[in-house]
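Asker: Construct the entire structure; sequences and hints are all you get.
2 protein chains.
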Amino acid sequence: MDIVDLQTGLGELTTVEIAEEMSRLGSTDQAVLFRLLDKDRASQVFEYLDVAHQAELLDEFREGRSAELLLDLPDDDRAQLLGEMPAKVAARMMAGLPEDRRQVTAQLLGYPEESAGRVMTPVPTVISADSTREQALQKLRGRDLRNRDIAVLAVTDHTRHLVGLVNLSTLVTSAADTPIAELMNKETHAVNATDDQEKAARLVQEADLLALPVVDDENRFLGMLTVDDAMEILEEEVTEDAYRAGGSEPLEQPYLTATVFHLARKRGVWLLVLILTAVLTVNVMSFFEATLASVVVLATFVPMITGTGGNAGSQAASSVVRALAVDEVQPRDIGRVIWREVRVGLLLGVFLGALIFPFISLIYEWRIGAVMSLTIICICAWACIVGGVLPLVAKKIGVDPAVFSTPVVSTLVDATGLVIYFSIAQVILASML
Amino acid sequence: MDIVDLQTGLGELTTVEIAEEMSRLGSTDQAVLFRLLDKDRASQVFEYLDVAHQAELLDEFREGRSAELLLDLPDDDRAQLLGEMPAKVAARMMAGLPEDRRQVTAQLLGYPEESAGRVMTPVPTVISADSTREQALQKLRGRDLRNRDIAVLAVTDHTRHLVGLVNLSTLVTSAADTPIAELMNKETHAVNATDDQEKAARLVQEADLLALPVVDDENRFLGMLTVDDAMEILEEEVTEDAYRAGGSEPLEQPYLTATVFHLARKRGVWLLVLILTAVLTVNVMSFFEATLASVVVLATFVPMITGTGGNAGSQAASSVVRALAVDEVQPRDIGRVIWREVRVGLLLGVFLGALIFPFISLIYEWRIGAVMSLTIICICAWACIVGGVLPLVAKKIGVDPAVFSTPVVSTLVDATGLVIYFSIAQVILASML
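Each protein sequence line maps, in turn, to chains V and H. Note that the UniProt record's numbering has the first sequence beginning at 1, numbered continuously upward. Note that the UniProt record's numbering has the second sequence beginning at 1, numbered continuously upward.
Derived by calculation from the structure, the hints in this document are not laboratory data. Just so you know, these numbers come straight off a predicted model, no measurement behind them.
A pair holds if it fits inside one copy or across any two, identical chains being indistinguishable in the list.
List time: in silico DMTMM-like cross-link candidates among lysine to aspartate or glutamate, alpha-carbon distance up to 20 Å: (1) K199 - E236; (2) K199 - E235; (3) K395 - E249; (4) K396 - D327; (5) K186 - E12; (6) K186 - E17; (7) K139 - D177; (8) K199 - E232; (9) K199 - E21; (10) K39 - E20; (11) K395 - E237; (12) K266 - E328.
Answerer: Written out as structure tokens, the structure is:
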């Protein structure tokens, strides 16, 4: 397949498909593929890449080309990218921008990391509250609305204080002389530029907004958090939660292109914490070694016991973590959560306990069956409480609830579950010990 | 606090806040709160509720009020709600709608469940490809664009075939006599009405669209999948994945209002499957009972071994499940995934193994230390492979990869991990057995 064929092939793919394919390639291959794209297409594809890949690509190109790619990015994306680069490189790149873009970019970079200001699209054009529909449309003509995004316009008074929003679609469909004051929506959500970007993005999602106005401390309009940026922020958040749920720190690069060492480092931290926590289980097992030695069959069930406890706990934790993420549950609901989880745990425990009792009693003896059934009941209830409560406590003390992931919950439940198991065994099997 | 106070308090909350608060209440309280809202506000709040709560509320109201609430919903949301209701109730509700809304709703309900057609917003207004900007704006004036959503318009030929899209913002900012053909974007994504809604929603997200055109088999324009609906679809998808990652089936209702029995049922299925799978571990333990009886200290480490294997496996699985969800990895990458995971697993295993060796050797003896270290190395590598491969296999055979959640992976790794553990122990401790 020669270059011309490849270029024809690329012509048939959509921008998104090319960007996706590129994120699966190593950095040299990426650069080669990228050079094959025509200029406009290249800028478009560049926009869709994630920050890590954008930075890699810029590295591969000569100064002139890099400056061009950077300039073609929307202001908020450019600020995002520069914020992630080493300060020195970022400063050099900034110097290559035309004056007006440099100012806007510097302003965005002035807001704290992870703030709404960092990710907003600056919108210089606003509609005056005392104009009419026709005047507003006249004013818009010829303006650069950075039109990929803006479907909603800010309505302000003469000192740029936000007083409402008007949808472009409302503007377009109404009669020429309607006053803007009649068309605008006054019940307007807005966030401060220093507010957390995740909180802002969630508001966009919950209130079904196309754009959320960002204001300064005096309620002056600065720009919009657009829905596509909000989706990206939430997507990142979801990815973080998904990694944490599996007991690993989130990767900073796509899975296939991250180095093996990067992957190992992100997982190693938690794996280490977990194995240290698992020392508890060794202690519990040692403590009951005499019991284990006299009834060796007890050891046989240990993995089943710890496994079931871990599973029940992880089910409860994942329900509550998710409910917290979508604001269905709050830390103050802790009483209600415990009361639900106790009952759910008991129900599950009784169901499983009743199921296994006859089998274990037949194969071993009824006392072993009784120990197992009772243990399963207690452990299910206990695991559900632990799994339900820990994420709420985390949220309360300001830790990401997703940290109380399945592995963390199950490791904690393992040790306590074994205590329950051996205590029950010692009582019921007293005559055998 | 009397009714008037409560109404004043409600007046200070935003629509979204009220809807959120309602989703935390039981159905009777919900209905009471809902009755306190004025008419417009009630319709708005109703729109933000999820389908389960909407259905509950409609149940609480008399026919007249229900019909009104239903009529105020956007067409796609109404179809969604009716689709979830018992056929008899849905038919009665449909009969209460005016003719035109009934037709639109019936059309949407005609598409398969989970299809793009079911969730699209029907948009009767299109722009003709041979008109000018001014003609297009004239045509729009006075039209009902269902303006909450539409920021992008379909451009069609005279037989309603989709030929491109034009952003309202482009339309508004360009000169009066510009031909639409010049303003429209021809590289247009579109989906068929029978396509899967999740695939469509992901396209909206990946291509940063405000609306995705939905067409019929002849490429005739039917309506738009709007970004807010796409976000909702993806949010549901994420919730499903989060539940599955914790080893439970997704709930059909918010956590706090679902019945305890509902919660138990969604978790019980998997807990049962897992405990049955855990029978494998009992078999492995029984098989090596002689080894256990002669070196009781081996039992002491069982929970630590199974725990570490489960954790390493769940880390790998969650990385790969997430990478699959965002299309970073595909089943055909299985070779690359295995090769990465083996190396990551070995790296992690050697790190942890080297760390625990001196401690265990000191407390017990060096041979026990050697057994444990070697086991940890092998089990980490094995768990990473299993965790990485299973989601890919699932995707390949058309099962949701999230099903190979942490609990499933760790239960599978438990049994095989124990075989590794005891085999290594038998070789190294041969003289002690």
